[in-house]
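*Asks:* Sequence:
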Amino acid sequence: MDSLPIEIVYSIFSLLEYRPLASAAKVCRTWRHLTDSAELWKTLYERRWGPTKEATADCTIASASQSWKAAYEIHDRWDRIGEDMTIIREGDDYFLAQKGRLLRFLGSCNRRGTNKKVEDQQLPGMVADNPHAGSPGTTARAGSFSPAGTRSFNPGLLDKMIRFVGDLDHEQRRLSKRAHVTSI
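Residues in the sequence shown are numbered from 1 upward in steps of one, following the UniProt record's numbering.
The set of hints was computed from the structure by calculation and includes no laboratory data. Incorrect hints may appear among the rest.
Derived DSBU-like pairs: lysine-lysine, alpha-carbon spacing no greater than 35 Å straight-line [stated by the list, open to error]:
{"hint": "1", "residue 1": "K26", "residue 2": "K42"}
{"hint": "2", "residue 1": "K177", "residue 2": "K160"}
{"hint": "3", "residue 1": "K99", "residue 2": "K42"}
{"hint": "4", "residue 1": "K99", "residue 2": "K26"}
{"hint": "5", "residue 1": "K42", "residue 2": "K177"}
{"hint": "6", "residue 1": "K42", "residue 2": "K160"}
{"hint": "7", "residue 1": "K177", "residue 2": "K99"}
{"hint": "8", "residue 1": "K160", "residue 2": "K99"}
Pair ranges (Cβ atoms, derived) [said to hold, decoys possible]:
{"hint": "9", "residue 1": "K177", "residue 2": "T30", "range": "11 to 21 Å"}
{"hint": "10", "residue 1": "L168", "residue 2": "I6", "range": "41 to 51 Å"}
{"hint": "11", "residue 1": "A25", "residue 2": "D84", "range": "40 to 50 Å"}
{"hint": "12", "residue 1": "H170", "residue 2": "L4", "range": "33 to 43 Å"}
{"hint": "13", "residue 1": "E171", "residue 2": "M85", "range": "35 to 45 Å"}
{"hint": "14", "residue 1": "E39", "residue 2": "D169", "range": "30 to 40 Å"}
{"hint": "15", "residue 1": "L16", "residue 2": "R174", "range": "18 to 28 Å"}
{"hint": "16", "residue 1": "I8", "residue 2": "E46", "range": "17 to 27 Å"}
{"hint": "17", "residue 1": "I12", "residue 2": "Q66", "range": "22 to 32 Å"}
{"hint": "18", "residue 1": "I8", "residue 2": "D167", "range": "39 to 49 Å"}
{"hint": "19", "residue 1": "I6", "residue 2": "M85", "range": "34 to 44 Å"}
{"hint": "20", "residue 1": "I8", "residue 2": "R173", "range": "29 to 39 Å"}
{"hint": "21", "residue 1": "R48", "residue 2": "L157", "range": "34 to 44 Å"}
Every value quoted in this text rests on a predicted model; they were computed, and no experiment measured them. Beta carbons: idealized from backbone N, C-alpha and C, even for Gly.
Work out the full structure, taking the sequences as your base and the hints as a guide.
*Replies:* And the structure:
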């Protein structure tokens, strides 16, 4: 693949959907750099939702403080979960989300049973200026943490309820999508 011109690789990437593109980013540093291109994400955004000038006032478009990749992720999440405020599960993480924006990180369920290190970082698509979200890595997380910053995997009632609601919503959406596909 190193012998392919970058323009051809870029053209191929512009034909991919979000998930295969995210997988391609893990192949090598060159591909990672290409998949982070603002022009690529703008092309993908406009192909899926049309030109940005037609975007509604509520729809998220990239601004100076937001990348096209983040705008794509937010709009994709909005399409999947709708406008209502809800608890969603993405991988092993649970978030409070509305209109595609992650408002608050609620916790994580590490299925391997090992402790997950708490990191003070801004998560992709997280609303940074939300006064109710707290700072990532501290008050925004539900449950208990040890002084060393590791997640305690003896979940309390709140953690169990959050995971239950997130898993219930995830399964409901999956079954709803399956019923829609079989009825067509």
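*Asks:* Please flag the earlier hints that this structure goes against, numbers listed from lowest up.
*Replies:* Of the numbered hints, 6, 9, 11 and 13 do not hold.
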